[in-house]
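Since chain A is already given, all that's left is putting chain B on it; use the hints.
In order, the protein sequence lines correspond to chains A and B. In terms of the numbering used here, the numbers along the first sequence are unbroken and rise by one, the last being 1472. In terms of the numbering used here, the numbers along the second sequence are unbroken and rise by one, the last being 280.
Because the hints were derived from the structure by calculation, they are not lab data. Accuracy of the hints is not assured; some may be wrong.
In silico DSS-like pairs for lysine-lysine, Cα to Cα no more than 30 Å straight-line [stated by the list, open to error]:
1) B:K58 x B:K45
2) A:K1370 x A:K1401
3) B:K112 x B:K45
4) A:K1392 x B:K264
5) A:K1400 x B:K268
6) B:K121 x B:K278
7) B:K264 x A:K1400
8) B:K172 x B:K104
9) B:K139 x B:K104
10) B:K278 x A:K1392
11) B:K139 x B:K58
12) A:K1393 x A:K1306
13) B:K264 x A:K1401
14) B:K223 x B:K121
15) B:K264 x A:K1393
16) B:K112 x B:K172
17) A:K1393 x B:K158
18) B:K56 x B:K264
19) A:K1396 x B:K264
20) A:K1392 x B:K268
21) A:K1400 x A:K1385
22) B:K264 x B:K45
23) B:K268 x A:K1401
24) A:K1392 x A:K1381
25) B:K268 x A:K1393
26) B:K268 x A:K1396
27) A:K1370 x A:K1396
28) A:K1396 x B:K278
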Amino acid sequence: MARLLDIGLDRIRNLIMDMATLSEESVNAALESYEKGVMLRPQIFEYSEKLRILQLEVADFATELIARYQPVARDLRFIQSCMDVAYGFSRFGRYAYDISDVLEAIGAIPDCDKSYVIEMANTAKNMIKLSVESLKKLDKDTSKKLYMMDDSVDALYRSYLRFVLTPRDREYAYAEVRCFISALLILRYLERIADHACYISDCVHYIVTADSSPRR
Amino acid sequence: MTVEEVMREEEAAVAGPIETTDRYKVVIKEINAWFGRKQALKNINLNIKDKSVTAFIGPSGCGKTTLIRCLNRMHEMTPNARVDGQVLVDGADIYDKSIDPVVVKRRVGMVFQKPNPFPTMSISDNVAAGLKLNGIKDKNLIAEVVEESLKGAALWEEVRTELEKPGMSLSGGQQQRLCIARALAMQPEVLLMDEPTSALDPLASSKIEELVRSLKEHVTIVIVTHNMQQAARVSDFTAFMYLGEMIEYGATSQIFKNPEKELTERYISGKFG
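In isolation and in its complexed conformation, chain A is listed as follows (with noise of 0.2 Å):
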């Protein structure tokens, strides 16, 4: 006979593989607005209050399986660990209105050389997918991957920041500006969302060997 918790287990696990699509769906939306040059702001905002909202019912659904059933050991790690994943999905969403926040205040820009924002979105995307997988397979190992790849991007952030930084004998254009803005601040979210796709996968670590692998 199945347990009554492992009915509340099933579905704060359905709603966080929504929120894992939704997030997924939301930053592939941003990076597309920025690549093609279309706007999609107020579609990216729908996706990201729907993400908030998740987060606040897993939260609370959290909550309530812990008080009603009092779980332990890996029901518990794994009912606390979703609240942690809930906040990651959710920051997907924010970083992604940001990003579309950003293009609609710069404005078009099909001149700027995209190809580090480009190179970096492939890998963040890729590490969203990667950690949703993660997740769904709990599959403690992909963690070390994924630290690879943020390590990957972390170095063409900075890379891009001496690029922009780096002297030059003449002044940069308006339209310049324009792009290493906008490329500078998306990188700088693509970066955190890196970030929190090595933390999801932190997650799915501690819920399977139940050590909490120190962030760097």
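For chain B alone, kept in the frame of chain A given last:
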């Protein structure tokens, strides 16, 4: 001291079988117990830290009560029951032929599942019964011990004006605290509690739990409970038993957050039992 430091200290205090008893009030060595031909306990080894609360958990029939009854030689009082192995209290084997079982029961008190005050005795006489049986007649001393014991059992304020009323006139929770006071009157070093709240309502249960936490300042407590959350709340260490064997023993925080054995995890998560 932070919670983490306390937990580390608790975890550091957990150990397997040891040769010395310096750090432990009770050392259980290779205890086997039988009811007739049926073996109820199989080679149990356990070290119980002084002034701590240790909970025995496990499904019905796993041997929790048998084990706790071995700790003050009550098991052997059951017809056809026998025990083999050693239980050292402060290094002395309570099963040694030179040890008087009555003295053992004085040092290792017991509280049972159902409150069992002596039905014909007053509250005061219930507490003083053990003292009188041991030949103590000094009325002032007895009155002093009764008051101290009732205070120790957190019952004094509720009964101080009605000490001569029958013990049975108290509520179930008060009766159980009266039984604890009766045990405390003998100034035990170890207090065994066999499901002490299973017959009580939630409020009375929480009073007993608070009492357990405060009593451990002076007494080493071993508690048998079917209530997992109670074990998690009151104990410093938890031992999980199954089919007469000790499956896992460790700091309560570790047992309930990250048990080592799959069987323990399944039991405490309510997947069997």
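Consistency of the hints with the structure:
no.: 1; hint: B:K58 x B:K45; in the structure: violated, 34 Å
no.: 2; hint: A:K1370 x A:K1401; in the structure: holds, 26 Å
no.: 3; hint: B:K112 x B:K45; in the structure: holds, 26 Å
no.: 4; hint: A:K1392 x B:K264; in the structure: holds, 22 Å
no.: 5; hint: A:K1400 x B:K268; in the structure: holds, 26 Å
no.: 6; hint: B:K121 x B:K278; in the structure: holds, 28 Å
no.: 7; hint: B:K264 x A:K1400; in the structure: holds, 24 Å
no.: 8; hint: B:K172 x B:K104; in the structure: violated, 41 Å
no.: 9; hint: B:K139 x B:K104; in the structure: holds, 26 Å
no.: 10; hint: B:K278 x A:K1392; in the structure: holds, 22 Å
no.: 11; hint: B:K139 x B:K58; in the structure: holds, 27 Å
no.: 12; hint: A:K1393 x A:K1306; in the structure: holds, 25 Å
no.: 13; hint: B:K264 x A:K1401; in the structure: holds, 27 Å
no.: 14; hint: B:K223 x B:K121; in the structure: holds, 22 Å
no.: 15; hint: B:K264 x A:K1393; in the structure: holds, 21 Å
no.: 16; hint: B:K112 x B:K172; in the structure: holds, 27 Å
no.: 17; hint: A:K1393 x B:K158; in the structure: violated, 55 Å
no.: 18; hint: B:K56 x B:K264; in the structure: holds, 21 Å
no.: 19; hint: A:K1396 x B:K264; in the structure: holds, 17 Å
no.: 20; hint: A:K1392 x B:K268; in the structure: holds, 24 Å
no.: 21; hint: A:K1400 x A:K1385; in the structure: holds, 15 Å
no.: 22; hint: B:K264 x B:K45; in the structure: violated, 34 Å
no.: 23; hint: B:K268 x A:K1401; in the structure: holds, 29 Å
no.: 24; hint: A:K1392 x A:K1381; in the structure: holds, 17 Å
no.: 25; hint: B:K268 x A:K1393; in the structure: holds, 22 Å
no.: 26; hint: B:K268 x A:K1396; in the structure: holds, 19 Å
no.: 27; hint: A:K1370 x A:K1396; in the structure: violated, 34 Å
no.: 28; hint: A:K1396 x B:K278; in the structure: holds, 23 Å
Comparing the model with each numbered hint stated earlier shows that hints 1, 8, 17, 22, 27 do not hold.
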